[in-house]
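*Asks:* Could you put together the complete structure from these sequences and hints?
Residue numbers (the working numbering), protein chains in the order written: chain A, 1376 to 1986; chain B, 277 to 529; chain C, -12 to 320.
Derived by calculation from the structure, the hints in this document are not laboratory data. Treat the hints with caution; some may be incorrect.
[What the hints assert, rightly or not] To list a few chain A residues with every Cβ distance to chain C over 10 Å, as calculated:
1) Ala1893
2) Phe1927
3) Val1940
[To be verified] Only some residues are given here: those of chain A computed to face chain C with a beta carbon under 7 Å:
4) Phe1507
5) Leu1510
6) Gly1769
7) Gly1782
8) Thr1812
9) Tyr1979
Note that beta-carbon positions come from the ideal geometry of N, C-alpha and C, so glycine has one too.
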Amino acid sequence: MRKFISLGLVRGLIWQIVGTALGIGILTGIRLLIGLPAWKPESAFVFGALLGAMFFLYGVGVLDDWIKLASGKEISEHIDESRLGWRRYFGASLDHKVIGIQYLTLALILMSVGGTFALIFRSELADTGMQFLTLMEYNTLMSLHGMVMIVGILIGIAAFMNYLVPMLIGARDMAFPRLNAFAFWLAVPAGIILLSSMALGGFDTGWTGYPPLSARAPIGMQMFFLGVSLAGFSTILGSLNIIVTAIRLRAPRMTPFRMPIFIWASIATSIISLTATQLIGLSFQMVMFQRLFGMGFFDPGKGGNPILFQHLFWFYSHPAVYVFVLPGLGLISEMLPVFARKPLFGYKWVAISSIAIALIGFLVWGHHMFASGMAEYLRVPFMYSTLLVAVPTGVKFFSWLGTLWRGKITYETPMLFLLAGIVVFLFGGLTGPPNATVSTDLHLTDTYFIVGHFHDTMFGGYVFPFFAGIYYWFPKMTGRRLNEKLGKLQFWLMAPAFIVLSLEMMKVGMLGMRRRIADYDPALQFVSENQIMTVAAFLIALGVLIFFINVFWSIRKGEVATGNVWNSRSPEWQVASPMPMHNYEKPFEVVGEPYDYGLPGSVYVKFKESE
Amino acid sequence: MEHQNKSSALQLGLLVFGALAVLTAVEFALALTINLWQFLVIIALIKAGLVLYYYMHISRLFEADMDTNHESYAYKLSTNRMGLWLFLLSDLFIFGGLLLSRVNLLGLTRPDLDQVVGLTVTSILLISSFFANRAEVSMEYGDRRQFIISIAITISLGILFLVGVLGVEWGLVPFGPGDNIHSAVFYVMTGFHAFHVFTGVIFLAIVLRNGMHGLYSTEKHWAVEASVVYWHFVDVVWFFFYPALYLIGTMAK
Amino acid sequence: MKHVVIIVILVIACTFLIHTGLTNIGLLPAEASTQSVEIDRLFGVHIWLVSALFSLIMVVMLYSLIVFRRRKGETGDGAYITGNTTLEVLWTAIPLLAVIILAYIGGKSLGIIRRIDPSAMQVKVISGQWFWRYQYPDYGVTTTDLYLPVGRQIKLEMTSNDVLHSFWVPEFRVKQDLVPGRTTELRITPTLIGDYKVRCAELCGASHAYMEGLVRVVSQGDFDKWISEQQSAAPMDPVLRGQQLAQQLGCSNCHSVDGSKKTGPTWLHLYQSEVELSDGSSVEADDNYLKTSIVNSNLQVVAGYSANVMPNFADLLDQTEVESLVVYIKTLK
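*Replies:* As structure tokens, then:
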């Protein structure tokens, strides 16, 4: 029992409960003192949740070193965590590899939770009429599916960036290890608060939380706003770390165009998430203030402007989707050369394309608002900028084709998922332009066509590359390989099922099925399409289940793989697996190009013999 | 920038403060006479530029590393500096979002605020920035005593600013947060800014305490630099928030 | 190179195959407005683009995956090709040109569907959770069904009573959000006589899925007939008129007539009762009170109820309509 409580996570949760109760009490007390009616549940729960999150951070231990610094005490720079064994993973670790795996675990949990919500409401949608959910339950599950998945994606990309970036550049860890731990552990109470919305009446606004509806939704809405704000803060701090690490801690002679391509993707991603995320936080906090203090930012009755919310919200949320896909596209670029045994075609162009997508991505947000009532003259410029993003994205696709051309291709599980990523992202990319041209968008917006489009881009740009990455780097994390047969089974379940799912979505969308509806008119004759979509969803879930079985089995019994499993040129594969404690006992310097496969005798990195 | 000696560094700090004070006076005078938002924005930008260059020494970010050993103090200092500035860049987006919201919601009108209070708190913050700079320069030249005095004054002025805004101005205004769109914008902008002033005061207080315990030296005083640069950032934000709330446009009925 | 020839043939074949497939499975609803025709035309352009680009990338990819796979026993790496600047420039410049052209076409298309007909008939749309109401200012008629004469441009001037909604008839293609506190505009020229459904297309709360209404496009003759039916159906008796308005404009969603407490105070026994306001003062619910409550409710919020929930009906009702509502409320004893 003692040992259980000593785990950081457990202590954190206990402190979170204490903090929440304390917060509720303090707020009620303050209201009593200033002469207001004591019990206002919304204010009490918001303050309680916030305090709970802060207490969690204290309890899990990520504040300890900073508190020491503030009190003028010394903190040790080099800590040996290995004596803790598996317990490291349940508390505040400063090792980026541990943190990466912690992020990965949290991402898989969130994805499973969000996916389960989808299975529930997809079951409801398999037929017309309300089968077993109330309307509010449906709206809450559908909304949470969206936001839990989004947070799950942010956590998942943090997993890969944190795990890989220091290793790929030859650093022993991130620039700010304590900030890294803090950013991860902040995401845990954030997720808990987000999910607690279900216990406080849910909410019915979709993941976008538009006022005026969100200003009058149940208290669960506040937990949504608060949870996302905290998760956003976690993202911001994480991306700060990535940028500084990538700029400051590269191995000798690793010039910018000799970095692994994933570093470029990580930098581009982090530029967006460092800056734009503040805007979703601000827009959500403004609705929170409207609800708590009557500040009518988005209330027309008080001179407010509902469309202002949409501008603030989408100014982040559009670039956010590039945050979601740039790392995955970077993973594709990173791994494809290994399986094609050929250089990444046009490396410099691919590197710049990530930056270009990130920068142009800041200029397109209005395309989510073509039907919103925003100023008409804004529609055309946003159409131009939106279509422009296709150009650097196309550069990536053509580069991947160029990489495959005249390669020597093999089809291990990671490669299968990479290829699925490319095909599905192609679907997503090609369904972009009809949404970009305003007149066609007026038909498509707020329909299942959009739902199909973004599921394509999410699966293509994140989910499939994410699984590719796990299969690929699992040996690096554990010293064992995931089972190939199970991997291929997962692939053949997920990929075709998903493609069918998204095609059906786009079809019913074009034919008139709106999005975010708990029920649909039988006269529209969409029942069979919805049934197919529900079956497809369950097949995808089955694939994920097989993945989990694969992981649990392979961690213990998987084929031992301590060497350069993929015959990669990348530095992390030149040392044994699992990766040693501080990555590279002997530092390396860069002596060649990262992807010169096929050039006899060429080497990317050379390890220094002596310190 | 490198200074010849401490006194020329302190003198520069005073000169910059003088320029900022003059610009603030000009800004106020302009607001009373030809109230053109373009002029007021330009003045805010000039003030911000002065603080960014002279007080926050942003040029240090772009200095080449003398020592390329990643484990050396000098290298880590530069790395920390980059982290701090990226944090400020991120924070800037919140304040940018608030400013844009103010423009969208209020246009060329502004809330009914007390100009004496406004000018007073602005001056207090400006003077506090002067002392913050003085503190950092003193520390750079090893003058511990001057450092401690200046930091203490900075903190006191920061607290005075908070009293002025949260106590006096918030008490004086004839509206509550939920009354109308002007009040909502006023409270959210001053609230967010005051929160940052508050955290800045805490940060400086920690640095004061540790400074009094002799933790910092000419060679190693990162916490001093960080807290002071953060403080200047908060002042720069106010350079834009002050005209946005108090000066630009006509008062709403 | 023989690779290139095979690929070009396959790409062209695939493009036509996919295009034929996509255009023959009926992906769009019936075209029932002039706007639909234009939008479907642009969809046609997109379908060509999608077919061509999909074929290009998929054919090259699948071809490579088959032809350049590692055969059993083969060792060694692929060909050492790091890039090709000419290709890079081409496949950056050509798409750049293509998107600019497409955006230009898109702009023209937008202009066409937003074409203004000065003789358009005006219809006011009022939405709320979860209903649609229509007012025909030219005819003084308020209805729950939208009847439209075929072949004539309609200018919908729309607003919401509460949260965001969106007006969409898939057969008309165009959609537009309805925003509380402002009026948004949508122009539609129906071309096909028939019955359609308008369904709210912006999530607006629990019953969003069910927020639908009838849209009936009829001949001009039938439309005129329907209008005169509506006009004569409007009760002359102000009390009945008020009762009808209360139903149509959603008043009864918030104000009961049987004494039960809803979002707003009950109308039963309201007239001439003593009402306690939120500022502590007390007033008598006389004619003036009732009138002000309708057109400027925030001036006198009743204790125990929230301000800024009731929509502002000043713009939506004319004098006689307000009076008939007042008269109706007075009868509720």
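*Asks:* Take the hints in turn and mark each one as holding or not.
*Replies:* Now for the hints, and whether the structure bears them out:
no., hint, in the structure
1, Ala1893, "5 Å, violated"
2, Phe1927, "32 Å, holds"
3, Val1940, "16 Å, holds"
4, Phe1507, "15 Å, violated"
5, Leu1510, "4 Å, holds"
6, Gly1769, "5 Å, holds"
7, Gly1782, "4 Å, holds"
8, Thr1812, "3 Å, holds"
9, Tyr1979, "13 Å, violated"
In summary, the numbered hints that this structure violates are 1, 4 and 9.
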